[in-house]
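J.: First to last, the sequence lines map onto chains A and B.
According to this note's numbering, the stretch in the first sequence is residues 1 to 497, in order.
According to this note's numbering, the stretch in the second sequence is residues 1001 to 1100, in order.
Everything labelled a hint here was simulated from the structure, so no lab data went into it.
A couple of the hints might just be wrong.
[As the list claims (entries may be wrong)] Computed Cβ-Cβ distance ranges for the label pairs, DEER-style: (1) A:358 <-> B:1045: 33 to 41 Å; (2) A:277 <-> B:1051: 29 to 37 Å; (3) A:49 <-> B:1065: 38 to 46 Å.
[Claimed, not checked] Here are a few chain B residues that face chain A, going by a calculated C-beta distance under 10 Å: (4) 1036; (5) 1038; (6) 1041; (7) 1056; (8) 1058; (9) 1059; (10) 1071.
Owing to the predicted nature of the structure, the values given are computational and were not obtained by experimental measurement.
Each residue gets a CB set at the ideal place from its N, CA and C atoms; glycine is no exception.
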Amino acid sequence: MATTDLTACEIRDAVRRREMSAAEATEASLAAIAALDPKIKAFLAIDADGARRRAADIDRRIAAGENVGLLAGVPVAVKDVLCTANGLPTTCGSKILQNWKAPYNAHVIERLLAEGAVIVGKTNMDEFAMGSSTENSAYFTTRNPWDLERVPGGSSGGSAAAVAARMVPLALGSDTGGSIRQPAALCNVVGLKPTYGRVSRYGLVAFASSLDQIGPFARTVRDAALLLQATAGEDPRDSTCVLNKDQPVPDYLDKLDEPVAPLRIGVPREFFGAGLDPEVEKAVRAALAAYEKQGATLVEIGLPHSTEYAIATYYIVATSEASSNLARYDGVHYGYRSSDHTDMIDMYMRSRAQGFGDEVKRRIMLGTYALSAGYYDAYYKNALRVRRLIRSDFEQAFEKVDCIMGPTTPTPAFRMGEKTADPLSMYLSDVYTVSANLAAIAGVSVPCGFTAAGLPVGLQILSGVFTEDRLLRIARMYEREVDWASRVPPTVAEVRP
Amino acid sequence: MALSKQEVLKVGTLSRIRLTEAEVEKFGTQLSAILGYVDKLRELDTRNVEPLAHALPIHNVLRPDEPRPSLTPEEALGGAPEAAGDFFRVPRVLDEGTSA
């Protein structure tokens, strides 16, 4: 068994017991990146020197008898939407921030460092987290480790692929409409979107502020719980981050192996309608049957506003917020400035025209239109009304059931280029995930099998606000019965001795 | 709903994004298709539904107004395309001889 097959919990325990050094864990991760990333292209930047210095420091502190934290010596990759003051650029996958270096660390980066993690690099993403395939990255497209001709999903596709290819045991992503759960499903890893407000967004470059949330990628539910434990909790620098006195951070690991019983699972009929791939449906139905076998009850429910209406609502709410948030890229304070301009306004317009890619331009324009005089009520305000209906769907459902299950995505990973010409078809790959962001609830995607062609399928589990502890236990109930996480992608198996 | 060429150009200006002729054509078609999809929301009766901007209750979080360390001028200007002294430098906004 290779060092990179170890889970984060195993590495952490071995490093604490001094059976393995942080340096060994870091070298194994850097070697896997060197061997695999030229093919998979998960990383925008790799910080080998910084990671080695950091690992040596952790080993020194352990030798001195210090407690170095929950993630002692664990290599972690972070999505390039998170500000890092480690000397690496924070580009958000955009040309407009090429070479921009953040002057401070995001809250979650501070947390990783405080818990002894070794940050090995920044992962690729769709520009400003807008997309579902990483094809909107201004730099390159990340490949799916299970089939290099296919996308890893997005927008956090680099983080998902890095964990799936065993370059790192843990990665952070962000999820505005499915950007953690969807790539997790497409890459056979666990991806968790916490409740809005559970994790501070300080230092997360904003896309849609009422929807964005940071969360973990891991190969196991336990590792995802560990990374959530390390990052959750209050932060006075994000006023939407919940206070610990109102929502204490529970111990996510303590009771993880205790099944939830009785367990009532809501199965929304809208998540099994037209457009769902039969092989995906089969794998998800088999997972539901595995829960039934453990004594869970399946309850058919309706979420009438939470598929097509949710996509429509999402693309108004998210783009409206984005049009405001991305106004900051003005060629003045940071980032790219066009060298050729006649005056101030012309400088803005050329800098943004040259610095942003097509999808970002489309979304800024759509949001600007939805907020503009004469259209505000018809588009933005009406979308906010439907947002309330979507939240009510979930509130009513959670009166009857403990969680909701269905497919994370309608299809397995699609081919590169398959959806780039038609933005709407790309948007529909998030049809089962966006409603959780609009309702602020927690959701996780757990590996639940493979298609005949060997492509991963994800089971999505949704639960009410601030119930991540129970959500993770429910996910673990299934995980312990199956063995999907131990499968090694063919690209990874190839480079092994 | 189909956006006219003028509407696309106007949205481009409001968005501060210069568009080429080809982009006006392409984005016009794509935005019209997306807005057509969004029009699904009109099927719903939302007359008696209150808009929901944030799914969770949001409270003001206040702290005492005390001086604390923050970015130095050098750090704050570190990412600027052009700076001069302690200032961001921008193209001329007023013409020579224009009085304020």
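J.: Out of the numbered hints, which ones does the structure contradict?
T.: none
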